[in-house]
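Undergrad: Using my numbering, the letters of the sequence shown correspond one by one to residues 1 to 343.
The set of hints was computed from the structure by calculation and includes no laboratory data. One or more hints might be untrue.
[As the list claims (entries may be wrong)] Ranges of calculated distance between the beta carbons of each label pair, as one might list FRET restraints:
#, residue 1, residue 2, range
1, Lys-179, Arg-295, 23 to 31 Å
2, Leu-343, Arg-215, 25 to 33 Å
3, Arg-249, Asp-126, 33 to 41 Å
4, Leu-146, Gly-264, 27 to 35 Å
5, Thr-130, Arg-273, 22 to 30 Å
6, Asp-57, Ser-321, 14 to 22 Å
7, Ala-218, Glu-133, 21 to 29 Å
8, Lys-338, Ser-92, 47 to 55 Å
9, Lys-338, Asp-126, 37 to 45 Å
Glycine included, every Cβ here is placed at the ideal spot set by N, Cα and C.
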Amino acid sequence: MAQRPAIPTMSLGHGAAGHSMRAKLEAAHTAGFRGIEVFYACLESFSQSLPGDTPRDKLREAAKQTAAICRELDLTIVVLQPILNYDGIKDSKEHAERVEEITFRLELCKLLGTDMMQIPANFRLDDGITGDEEKVVADLRELADLGAKESPPIRFVYEAMCWSTTNYTWQQGWSIVQKVDRPNFGLVLDAFHIAGYEFADPTLPGGVRPNGEARLKASLEELVKVVPGERVFYVQLVDAERLDPPLARLGSKEGSASPYYIEGQQPRMSWSRNCRLFPYEEDRGAHMPIEQVCRAFLATGFEGWISFELFNRFISESDPSIPTDHAQRGWKSWEALKKNLEL
1 MAQRPAIPTM
11 SLGHGAAGHS
21 MRAKLEAAHT
31 AGFRGIEVFY
41 ACLESFSQSL
51 PGDTPRDKLR
61 EAAKQTAAIC
71 RELDLTIVVL
81 QPILNYDGIK
91 DSKEHAERVE
101 EITFRLELCK
111 LLGTDMMQIP
121 ANFRLDDGIT
131 GDEEKVVADL
141 RELADLGAKE
151 SPPIRFVYEA
161 MCWSTTNYTW
171 QQGWSIVQKV
181 DRPNFGLVLD
191 AFHIAGYEFA
201 DPTLPGGVRP
211 NGEARLKASL
221 EELVKVVPGE
231 RVFYVQLVDA
241 ERLDPPLARL
251 GSKEGSASPY
261 YIEGQQPRMS
271 WSRNCRLFPY
281 EEDRGAHMPI
291 EQVCRAFLAT
301 GFEGWISFEL
311 FNRFISESDP
321 SIPTDHAQRG
331 WKSWEALKKN
341 LEL
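Full structure from sequences and hints, please.
TA: This is the structure:
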(Lines of atoms letter the chains of each structure in order from A; the text may use other names.)
(Lines give C-alpha, C1' and ligand atoms only; values in the text may rest on other atoms or scores of the structure.)
Protein backbone atom coordinates (compact mmCIF):
# COMPACT_ATOMS: atom_id res chain seq x y z
CA MET A 1 0.00 0.00 0.00
CA ALA A 2 1.55 3.32 -1.07
CA GLN A 3 1.33 6.48 1.01
CA ARG A 4 -1.99 8.21 0.35
CA PRO A 5 -3.19 11.69 1.39
CA ALA A 6 -6.31 12.35 3.45
CA ILE A 7 -7.89 15.34 5.17
CA PRO A 8 -10.50 15.58 7.98
CA THR A 9 -13.93 17.09 7.51
CA MET A 10 -13.31 19.42 10.49
CA SER A 11 -10.22 20.84 8.79
CA LEU A 12 -12.42 22.11 5.96
CA GLY A 13 -14.82 24.21 8.03
CA HIS A 14 -17.45 23.93 10.74
CA GLY A 15 -21.08 23.11 10.12
CA ALA A 16 -22.19 25.73 12.65
CA ALA A 17 -20.46 28.35 10.47
CA GLY A 18 -22.42 27.24 7.41
CA HIS A 19 -19.89 24.88 5.85
CA SER A 20 -21.98 21.93 4.67
CA MET A 21 -20.80 18.36 4.59
CA ARG A 22 -21.21 18.23 0.81
CA ALA A 23 -19.24 21.45 0.31
CA LYS A 24 -16.37 20.10 2.40
CA LEU A 25 -16.30 16.72 0.70
CA GLU A 26 -16.46 18.30 -2.76
CA ALA A 27 -13.60 20.65 -1.83
CA ALA A 28 -11.47 17.69 -0.72
CA HIS A 29 -12.22 15.79 -3.93
CA THR A 30 -11.57 18.76 -6.21
CA ALA A 31 -8.23 19.49 -4.54
CA GLY A 32 -7.13 15.89 -5.16
CA PHE A 33 -7.67 14.08 -1.86
CA ARG A 34 -9.02 10.54 -1.94
CA GLY A 35 -9.19 9.93 1.81
CA ILE A 36 -11.33 11.68 4.40
CA GLU A 37 -11.50 11.57 8.20
CA VAL A 38 -15.09 12.07 9.36
CA PHE A 39 -15.39 14.03 12.59
CA TYR A 40 -18.28 13.12 14.83
CA ALA A 41 -19.05 16.83 15.38
CA CYS A 42 -19.40 17.27 11.63
CA LEU A 43 -21.86 14.39 11.49
CA GLU A 44 -23.83 15.98 14.34
CA SER A 45 -23.99 19.33 12.53
CA PHE A 46 -25.07 17.63 9.31
CA SER A 47 -27.70 15.54 11.13
CA GLN A 48 -29.57 18.55 12.51
CA SER A 49 -31.11 19.30 9.13
CA LEU A 50 -32.07 15.69 8.36
CA PRO A 51 -35.24 13.69 9.04
CA GLY A 52 -35.52 11.32 11.99
CA ASP A 53 -37.54 10.79 15.16
CA THR A 54 -34.52 10.88 17.49
CA PRO A 55 -31.03 12.41 17.44
CA ARG A 56 -29.62 8.95 16.77
CA ASP A 57 -31.99 8.43 13.84
CA LYS A 58 -30.75 11.73 12.43
CA LEU A 59 -27.13 10.66 12.94
CA ARG A 60 -27.79 7.38 11.14
CA GLU A 61 -29.20 9.34 8.20
CA ALA A 62 -26.20 11.70 8.26
CA ALA A 63 -23.84 8.71 8.14
CA LYS A 64 -25.76 7.17 5.22
CA GLN A 65 -25.77 10.40 3.24
CA THR A 66 -22.10 11.11 3.99
CA ALA A 67 -21.19 7.64 2.75
CA ALA A 68 -23.25 8.17 -0.40
CA ILE A 69 -21.54 11.49 -1.19
CA CYS A 70 -18.13 9.90 -0.61
CA ARG A 71 -18.96 7.05 -3.00
CA GLU A 72 -20.08 9.60 -5.59
CA LEU A 73 -16.80 11.51 -5.19
CA ASP A 74 -14.54 8.43 -4.93
CA LEU A 75 -13.50 9.35 -1.37
CA THR A 76 -12.50 6.65 1.12
CA ILE A 77 -13.63 7.28 4.70
CA VAL A 78 -10.50 6.48 6.67
CA VAL A 79 -11.79 6.85 10.22
CA LEU A 80 -14.59 8.16 12.42
CA GLN A 81 -13.14 10.26 15.22
CA PRO A 82 -12.73 11.18 18.03
CA ILE A 83 -13.85 9.23 21.10
CA LEU A 84 -12.93 11.79 23.75
CA ASN A 85 -12.08 11.27 27.42
CA TYR A 86 -12.98 7.60 27.66
CA ASP A 87 -10.08 5.70 29.22
CA GLY A 88 -9.65 5.78 32.99
CA ILE A 89 -13.14 6.94 34.04
CA LYS A 90 -13.59 6.04 37.72
CA ASP A 91 -17.38 6.06 37.99
CA SER A 92 -18.78 2.72 36.79
CA LYS A 93 -22.11 4.24 35.67
CA GLU A 94 -20.38 6.91 33.62
CA HIS A 95 -18.10 4.27 32.12
CA ALA A 96 -21.08 2.09 31.14
CA GLU A 97 -22.81 5.09 29.52
CA ARG A 98 -19.72 5.81 27.46
CA VAL A 99 -19.46 2.17 26.33
CA GLU A 100 -23.10 2.29 25.23
CA GLU A 101 -22.44 5.52 23.31
CA ILE A 102 -19.39 4.03 21.60
CA THR A 103 -21.37 0.90 20.73
CA PHE A 104 -23.72 3.18 18.79
CA ARG A 105 -20.72 4.65 16.99
CA LEU A 106 -19.80 1.16 15.84
CA GLU A 107 -23.12 1.21 14.00
CA LEU A 108 -22.23 4.58 12.48
CA CYS A 109 -18.90 3.16 11.29
CA LYS A 110 -20.71 0.45 9.37
CA LEU A 111 -23.11 2.98 7.84
CA LEU A 112 -20.15 5.16 6.82
CA GLY A 113 -18.26 2.19 5.43
CA THR A 114 -15.17 2.65 7.58
CA ASP A 115 -13.51 0.09 9.83
CA MET A 116 -11.72 2.43 12.23
CA MET A 117 -12.36 4.77 15.16
CA GLN A 118 -9.82 6.96 16.92
CA ILE A 119 -9.40 7.33 20.70
CA PRO A 120 -7.19 10.15 21.99
CA ALA A 121 -5.76 9.59 25.45
CA ASN A 122 -7.90 11.15 28.18
CA PHE A 123 -7.17 14.82 28.86
CA ARG A 124 -9.61 15.58 31.68
CA LEU A 125 -8.01 17.43 34.60
CA ASP A 126 -10.60 16.59 37.28
CA ASP A 127 -10.45 13.73 39.79
CA GLY A 128 -13.07 11.69 37.90
CA ILE A 129 -10.38 9.87 35.94
CA THR A 130 -7.34 7.83 36.83
CA GLY A 131 -4.12 7.29 35.00
CA ASP A 132 -3.77 3.85 36.53
CA GLU A 133 -2.39 1.79 33.68
CA GLU A 134 -4.31 -1.39 34.53
CA LYS A 135 -7.60 0.51 34.44
CA VAL A 136 -6.73 2.33 31.20
CA VAL A 137 -5.68 -0.92 29.50
CA ALA A 138 -8.81 -2.75 30.70
CA ASP A 139 -11.06 0.04 29.39
CA LEU A 140 -9.41 0.05 25.97
CA ARG A 141 -9.32 -3.72 25.76
CA GLU A 142 -13.08 -3.72 26.37
CA LEU A 143 -13.62 -1.56 23.28
CA ALA A 144 -11.20 -3.56 21.16
CA ASP A 145 -13.10 -6.73 22.01
CA LEU A 146 -16.42 -5.07 21.14
CA GLY A 147 -15.00 -3.98 17.79
CA ALA A 148 -13.61 -7.44 17.10
CA LYS A 149 -17.13 -8.90 17.26
CA GLU A 150 -18.30 -6.73 14.35
CA SER A 151 -18.28 -8.02 10.79
CA PRO A 152 -15.99 -6.76 9.41
CA PRO A 153 -14.08 -6.04 12.64
CA ILE A 154 -13.76 -2.41 13.73
CA ARG A 155 -10.25 -1.23 14.57
CA PHE A 156 -9.43 1.30 17.27
CA VAL A 157 -6.47 3.63 17.05
CA TYR A 158 -4.96 5.28 20.15
CA GLU A 159 -3.47 8.77 20.12
CA ALA A 160 -1.14 10.18 22.76
CA MET A 161 -1.82 13.93 22.64
CA CYS A 162 0.76 16.38 23.92
CA TRP A 163 -1.76 17.74 26.45
CA SER A 164 -3.23 14.38 27.56
CA THR A 165 -3.35 13.98 31.33
CA THR A 166 -1.03 10.97 31.60
CA ASN A 167 -0.35 9.32 28.23
CA TYR A 168 1.03 12.37 26.42
CA THR A 169 4.07 10.97 24.59
CA TRP A 170 4.25 8.46 21.75
CA GLN A 171 6.25 6.17 24.07
CA GLN A 172 3.37 6.07 26.56
CA GLY A 173 0.85 5.56 23.77
CA TRP A 174 2.88 2.70 22.30
CA SER A 175 3.18 1.09 25.74
CA ILE A 176 -0.62 1.16 26.08
CA VAL A 177 -1.10 -0.38 22.62
CA GLN A 178 1.31 -3.18 23.50
CA LYS A 179 -0.46 -3.89 26.78
CA VAL A 180 -3.94 -3.85 25.22
CA ASP A 181 -2.49 -6.52 22.92
CA ARG A 182 -5.30 -6.82 20.40
CA PRO A 183 -4.78 -7.02 16.61
CA ASN A 184 -7.52 -4.42 16.03
CA PHE A 185 -5.97 -1.91 18.45
CA GLY A 186 -3.14 0.22 17.06
CA LEU A 187 -1.45 3.59 17.13
CA VAL A 188 -1.87 6.86 15.27
CA LEU A 189 1.31 8.92 15.04
CA ASP A 190 0.65 12.66 14.92
CA ALA A 191 3.52 14.97 14.01
CA PHE A 192 1.92 17.89 15.84
CA HIS A 193 1.79 16.02 19.15
CA ILE A 194 5.33 14.65 18.90
CA ALA A 195 7.04 17.82 17.69
CA GLY A 196 4.69 19.93 19.80
CA TYR A 197 5.96 18.19 22.93
CA GLU A 198 9.59 17.36 22.25
CA PHE A 199 10.54 20.38 20.14
CA ALA A 200 8.06 23.19 20.79
CA ASP A 201 6.54 24.94 23.80
CA PRO A 202 3.96 27.67 23.14
CA THR A 203 4.49 29.09 26.65
CA LEU A 204 8.12 30.07 25.92
CA PRO A 205 9.34 33.13 24.04
CA GLY A 206 10.42 31.87 20.64
CA GLY A 207 8.25 28.77 21.01
CA VAL A 208 11.08 26.19 21.18
CA ARG A 209 12.09 24.13 24.22
CA PRO A 210 15.69 24.22 25.45
CA ASN A 211 17.52 21.52 23.47
CA GLY A 212 14.33 21.03 21.48
CA GLU A 213 16.07 19.89 18.31
CA ALA A 214 18.15 17.31 20.18
CA ARG A 215 15.12 16.10 22.14
CA LEU A 216 13.12 15.58 18.96
CA LYS A 217 16.00 13.87 17.16
CA ALA A 218 16.49 11.39 20.02
CA SER A 219 12.76 10.72 20.27
CA LEU A 220 12.43 10.01 16.54
CA GLU A 221 15.47 7.74 16.53
CA GLU A 222 13.87 5.72 19.33
CA LEU A 223 10.52 5.61 17.52
CA VAL A 224 12.10 4.13 14.39
CA LYS A 225 13.78 1.43 16.46
CA VAL A 226 10.81 0.31 18.57
CA VAL A 227 7.53 0.93 16.70
CA PRO A 228 6.75 -1.51 13.85
CA GLY A 229 5.03 0.19 10.95
CA GLU A 230 2.25 -2.40 10.81
CA ARG A 231 1.04 -1.30 14.28
CA VAL A 232 0.64 2.28 13.02
CA PHE A 233 -2.83 2.43 11.50
CA TYR A 234 -2.41 5.93 10.00
CA VAL A 235 -0.43 9.13 10.56
CA GLN A 236 -1.27 12.82 10.79
CA LEU A 237 0.87 15.78 9.72
CA VAL A 238 0.45 19.44 10.59
CA ASP A 239 2.59 22.28 11.84
CA ALA A 240 1.61 25.28 14.01
CA GLU A 241 2.30 28.97 14.46
CA ARG A 242 5.10 30.27 16.62
CA LEU A 243 3.24 32.41 19.18
CA ASP A 244 4.17 35.96 20.06
CA PRO A 245 3.27 36.67 22.80
CA PRO A 246 3.44 33.13 24.20
CA LEU A 247 0.67 31.47 26.18
CA ALA A 248 0.77 31.40 29.96
CA ARG A 249 1.32 28.07 31.68
CA LEU A 250 -1.66 26.23 33.16
CA GLY A 251 -2.54 27.72 36.53
CA SER A 252 -0.42 30.82 36.03
CA LYS A 253 -1.50 33.68 38.27
CA GLU A 254 -0.12 36.17 35.75
CA GLY A 255 -2.64 35.43 33.00
CA SER A 256 -1.60 35.75 29.36
CA ALA A 257 -1.38 38.45 26.72
CA SER A 258 -2.07 35.85 24.05
CA PRO A 259 -5.58 36.03 22.52
CA TYR A 260 -5.67 32.22 22.52
CA TYR A 261 -5.27 31.80 26.27
CA ILE A 262 -8.17 30.04 28.00
CA GLU A 263 -8.05 29.84 31.77
CA GLY A 264 -8.01 26.24 32.97
CA GLN A 265 -7.08 24.80 29.56
CA GLN A 266 -3.75 23.16 28.80
CA PRO A 267 -1.75 25.70 26.75
CA ARG A 268 -0.80 23.16 24.09
CA MET A 269 -4.51 22.43 23.64
CA SER A 270 -5.29 26.15 23.20
CA TRP A 271 -2.41 26.38 20.72
CA SER A 272 -3.65 23.33 18.82
CA ARG A 273 -7.25 24.48 18.58
CA ASN A 274 -6.37 27.93 17.26
CA CYS A 275 -3.01 27.87 15.53
CA ARG A 276 -2.34 24.74 13.49
CA LEU A 277 -0.97 25.15 9.98
CA PHE A 278 -0.29 22.80 7.12
CA PRO A 279 3.31 21.60 6.65
CA TYR A 280 5.62 24.01 4.80
CA GLU A 281 3.49 27.07 5.61
CA GLU A 282 6.42 29.03 7.02
CA ASP A 283 4.98 32.20 5.48
CA ARG A 284 2.08 31.83 7.92
CA GLY A 285 4.33 31.19 10.93
CA ALA A 286 4.90 27.41 10.81
CA HIS A 287 8.14 26.57 12.60
CA MET A 288 8.37 22.88 13.50
CA PRO A 289 10.49 20.30 11.59
CA ILE A 290 7.49 18.32 10.36
CA GLU A 291 9.29 16.84 7.36
CA GLN A 292 11.88 15.33 9.72
CA VAL A 293 9.07 13.78 11.76
CA CYS A 294 7.41 12.33 8.67
CA ARG A 295 10.69 10.76 7.55
CA ALA A 296 10.81 8.93 10.87
CA PHE A 297 7.20 7.77 10.51
CA LEU A 298 7.99 6.26 7.11
CA ALA A 299 11.23 4.73 8.41
CA THR A 300 9.14 2.51 10.72
CA GLY A 301 7.86 0.78 7.57
CA PHE A 302 4.47 2.49 7.78
CA GLU A 303 2.41 2.51 4.60
CA GLY A 304 -1.05 3.98 4.34
CA TRP A 305 -3.01 7.18 4.90
CA ILE A 306 -1.22 10.42 5.73
CA SER A 307 -3.84 12.85 7.01
CA PHE A 308 -3.47 16.63 7.22
CA GLU A 309 -5.45 17.26 10.41
CA LEU A 310 -5.71 21.00 10.81
CA PHE A 311 -7.58 22.77 13.59
CA ASN A 312 -7.52 26.54 13.42
CA ARG A 313 -9.50 29.58 14.53
CA PHE A 314 -10.54 30.15 10.91
CA ILE A 315 -12.59 26.96 10.48
CA SER A 316 -15.40 28.51 12.56
CA GLU A 317 -15.65 31.59 10.34
CA SER A 318 -18.55 31.83 7.89
CA ASP A 319 -16.44 32.67 4.83
CA PRO A 320 -17.75 30.27 2.14
CA SER A 321 -14.27 29.97 0.59
CA ILE A 322 -12.82 28.21 3.64
CA PRO A 323 -13.47 24.59 2.50
CA THR A 324 -11.84 25.21 -0.89
CA ASP A 325 -8.99 27.28 0.54
CA HIS A 326 -8.10 24.73 3.22
CA ALA A 327 -8.36 21.79 0.83
CA GLN A 328 -6.07 23.50 -1.66
CA ARG A 329 -3.57 24.46 1.05
CA GLY A 330 -3.56 20.89 2.34
CA TRP A 331 -3.00 19.52 -1.16
CA LYS A 332 -0.14 21.96 -1.74
CA SER A 333 1.51 20.61 1.42
CA TRP A 334 1.04 17.04 0.22
CA GLU A 335 2.62 17.85 -3.15
CA ALA A 336 5.64 19.43 -1.41
CA LEU A 337 5.96 16.45 0.94
CA LYS A 338 5.67 13.99 -1.92
CA LYS A 339 8.42 15.80 -3.83
CA ASN A 340 10.79 16.23 -0.89
CA LEU A 341 10.41 12.65 0.35
CA GLU A 342 10.21 11.16 -3.15
CA LEU A 343 6.95 9.38 -2.39
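Undergrad: Kindly indicate which numbered hints from before are broken by the structure, ordering the numbers from low to high.
TA: As far as the earlier hints go, 3, 6 are violated by this structure, in ascending order.
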